[in-house]
Amino acid sequence: MEPILQIKDLHVSFQVKGGEVKAVRGMNFEVGKGETVAIVGESGSGKSVTAQTIMRLIPSPPSLIKQGEILFQGQDLLKKNNKQMEAIRGKDIGMIFQDPMTSLNPTIKVGKQITEVLIKHQKLSAGEAKNRAIEMLKMVGIKNAEARFNQYPHEFSGGMRQRVMIAIALACRPSLLIADEPTTALDVTIQAQIMDVMKEMQQRLGTSIILITHDLGVVAGMCDRVIVMYAGEVVETGTKWEIFKNPQHPYTKGLLRSMPRLDQKKGEPLIPIIGTPPDLIKPPLGCPFAARCDQAMKICERIDPGATVFSDTHMARCWDLHPMAKEGQSS
Amino acid sequence: MARYIANKLFYTLISLFILISATFFLMKAIPGDPFMSEKKVPPAIQERLYEQYGLNKPVYEQYFKYLGDIAQGDFGISMKKINQNVTDIIKDTFGASLKLGLVSIVVSVIVGVALGLLAALYHRKLIDNVAMVLAVLGIAVPSFVVASLLQFVFSSKLHWFPTMGFKGPMYYFLPVAALSAQPIAFIARLTRSSMLEVLHADYIKTAKAKGLRWYAILFRHVIRNGILPVVTYLGPMTANIVTGSVVIEQIFGIGGIGKQFVQAITVRDYPVIMGITIFYGALLMIARLVTDIAYGFVDPRIKLTGGKGD
Numbered sequence: 001m002e003p004i005l006q007i008k009d010l011h012v013s014f015q016v017k018g019g020e021v022k023a024v025r026g027m028n029f030e031v032g033k034g035e036t037v038a039i040v041g042e043s044g045s046g047k048s049v050t051a052q053t054i055m056r057l058i059p060s061p062p063s064l065i066k067q068g069e070i071l072f073q074g075q076d077l078l079k080k081n082n083k084q085m086e087a088i089r090g091k092d093i094g095m096i097f098q099d100p101m102t103s104l105n106p107t108i109k110v111g112k113q114i115t116e117v118l119i120k121h122q123k124l125s126a127g128e129a130k131n132r133a134i135e136m137l138k139m140v141g142i143k144n145a146e147a148r149f150n151q152y153p154h155e156f157s158g159g160m161r162q163r164v165m166i167a168i169a170l171a172c173r174p175s176l177l178i179a180d181e182p183t184t185a186l187d188v189t190i191q192a193q194i195m196d197v198m199k200e201m202q203q204r205l206g207t208s209i210i211l212i213t214h215d216l217g218v219v220a221g222m223c224d225r226v227i228v229m230y231a232g233e234v235v236e237t238g239t240k241w242e243i244f245k246n247p248q249h250p251y252t253k254g255l256l257r258s259m260p261r262l263d264q265k266k267g268e269p270l271i272p273i274i275g276t277p278p279d280l281i282k283p284p285l286g287c288p289f290a291a292r293c294d295q296a297m298k299i300c301e302r303i304d305p306g307a308t309v310f311s312d313t314h315m316a317r318c319w320d321l322h323p324m325a326k327e328g329q330s331s
Numbered sequence: 001m002a003r004y005i006a007n008k009l010f011y012t013l014i015s016l017f018i019l020i021s022a023t024f025f026l027m028k029a030i031p032g033d034p035f036m037s038e039k040k041v042p043p044a045i046q047e048r049l050y051e052q053y054g055l056n057k058p059v060y061e062q063y064f065k066y067l068g069d070i071a072q073g074d075f076g077i078s079m080k081k082i083n084q085n086v087t088d089i090i091k092d093t094f095g096a097s098l099k100l101g102l103v104s105i106v107v108s109v110i111v112g113v114a115l116g117l118l119a120a121l122y123h124r125k126l127i128d129n130v131a132m133v134l135a136v137l138g139i140a141v142p143s144f145v146v147a148s149l150l151q152f153v154f155s156s157k158l159h160w161f162p163t164m165g166f167k168g169p170m171y172y173f174l175p176v177a178a179l180s181a182q183p184i185a186f187i188a189r190l191t192r193s194s195m196l197e198v199l200h201a202d203y204i205k206t207a208k209a210k211g212l213r214w215y216a217i218l219f220r221h222v223i224r225n226g227i228l229p230v231v232t233y234l235g236p237m238t239a240n241i242v243t244g245s246v247v248i249e250q251i252f253g254i255g256g257i258g259k260q261f262v263q264a265i266t267v268r269d270y271p272v273i274m275g276i277t278i279f280y281g282a283l284l285m286i287a288r289l290v291t292d293i294a295y296g297f298v299d300p301r302i303k304l305t306g307g308k309g310d
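Top line first, the protein sequences correspond to chains R and S.
Reading the first sequence from the start, the letters are residues 1 to 331 in the UniProt record's numbering.
Reading the second sequence from the start, the letters are residues 1 to 310 in the UniProt record's numbering.
Heads up, a few of these hints could be off.
What the hints assert, rightly or not - Here are a few chain R residues that face chain S, going by a calculated C-beta distance under 8 Å:
| id | residue |
| --- | --- |
| 1 | Glu86 |
| 2 | Arg89 |
| 3 | Gly90 |
| 4 | Thr102 |
| 5 | Leu104 |
| 6 | Pro106 |
| 7 | Thr107 |
| 8 | His121 |
Rather than coming from a laboratory, the hints here were simulated on the basis of the structure.
Positions of the beta carbon are idealized from the N, C-alpha and C atoms, including for glycine.
This is chain R alone, in the form it adopts within the complex (with noise of 0.2 Å):
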């Protein structure tokens, strides 16, 4: 598949007061065309970070990307000034966000919302831009569409707001969409419906989506990849087949084990996963997972794990994983 995004070793720092965090130390991924990628792991392992630095959306300072290329059709986008990041943000690359209730301005009306981004874009009229807004509200599935063009954001409940944001970060057909947890803030029920909303959208426009989730029910649901983030680093990657089906990584596994599955027995306890995660001013020297692993050995709290490769799509980054650990345990 040819990739839209690739992201070769991609390290974002934040400067703060007594040093520097590491939010994101050496990522690497692609995303294919027409594909939708998850980037799974828990609050603060830097998916976010990843998320808007794609769209350089961190203001620098306090952000810093101390090294990296990440490559949109071909293009480093860490290469362009502002004025060409412009004309790429809500053109090339859509992106929603976490909370409905808030991304939208209060002060002005739902379809100006809309068109705005199709007039800077697309040169429109505003009468052109109008009639592609209300077909956008229409596709995302909000009925009667010209009478809530003229509504504000209040007016809407949290699951609509975000049917509108889908509108807006599609209006002008993006060949990728990045949805920051667009489902966290909503109630089951919508949560379903507004990945419906996604789904449906990606068949009819072919957008590549970048999920970033740590609800492992939406990726079943939803995507082609997991990539599965951990202290900064892609721990493991696969299809969803590969990480649902085949986990290699401790932390993959002890995600897995903390979410509740159908067939669970009736009391069977729900396993966390002990500890916390590093403090990334001064990241661990070998694997980040190491302080929380039961499976831990000397060698992983000192040097970092190297990949270890099980296909094509499937790799995680784990001592454990390593030929020669293998060779020491059948010995």
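Using the hints provided, position chain S relative to the given structure of chain R.
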């Protein structure tokens, strides 16, 4: 909306009635009367004067007579200025005060919002610190001190502006500056904190993610939301400027309504005191009503209804 306004007007009338009553009795409670000062007047003439102006009757009778008169739109004639109708005094002097007040309101809003916005955009930088130190000074120093300082520096020493009077554009600068100092400081602080909040709002991130230019984000998304609290301050600010102008007009010798008010009080010119008090009261209440209505326009989340609780 119409019901809301009708409702508010009704309460405005009640407030005015309370204001009139309180002022009337308080004013009568001050020792002395319009004809007691200066030269000794023979008792017979004193009697005639009292009778002429109805001051020999009991206070409650005077009160009811006054209420009856103003209900018919008659605010009486001045007891000190011969043959001058109170309505005419207000008409003649309000022009100067209105010009001074309006210019001060416009200057306060523009300068205050601009300072607050700059402070927010350059948060924790030099501009922010300078603006906030000025704002603290502006709030802390009373307007009559500012007025005297301005007169001393810019009139007496530098001779840039005239000290007294109100005869042309140059005469505006110092009184407007003195009158606006406090509102500017207040608006600047209000704007700064509200703009800082808006700048970190999620919808600003959405606007950035749309690829809008910075000025489109600033003017369309930031300022509109950031000035909402300033709109609520417009009512109190009008009060501030109106009451401030009483002192400022006196200091700069501007023949406005404020100066009339101070003079009327010193000589106990009862009808003029009452007339101007009612006028100020009505003005402030209308300013508040206008603020409420304006707020409904700038913030779509606020609906004005005539029910209870508004």
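**Report entry** Hints that the structure is at odds with (numbers, increasing)
**Finding:** none
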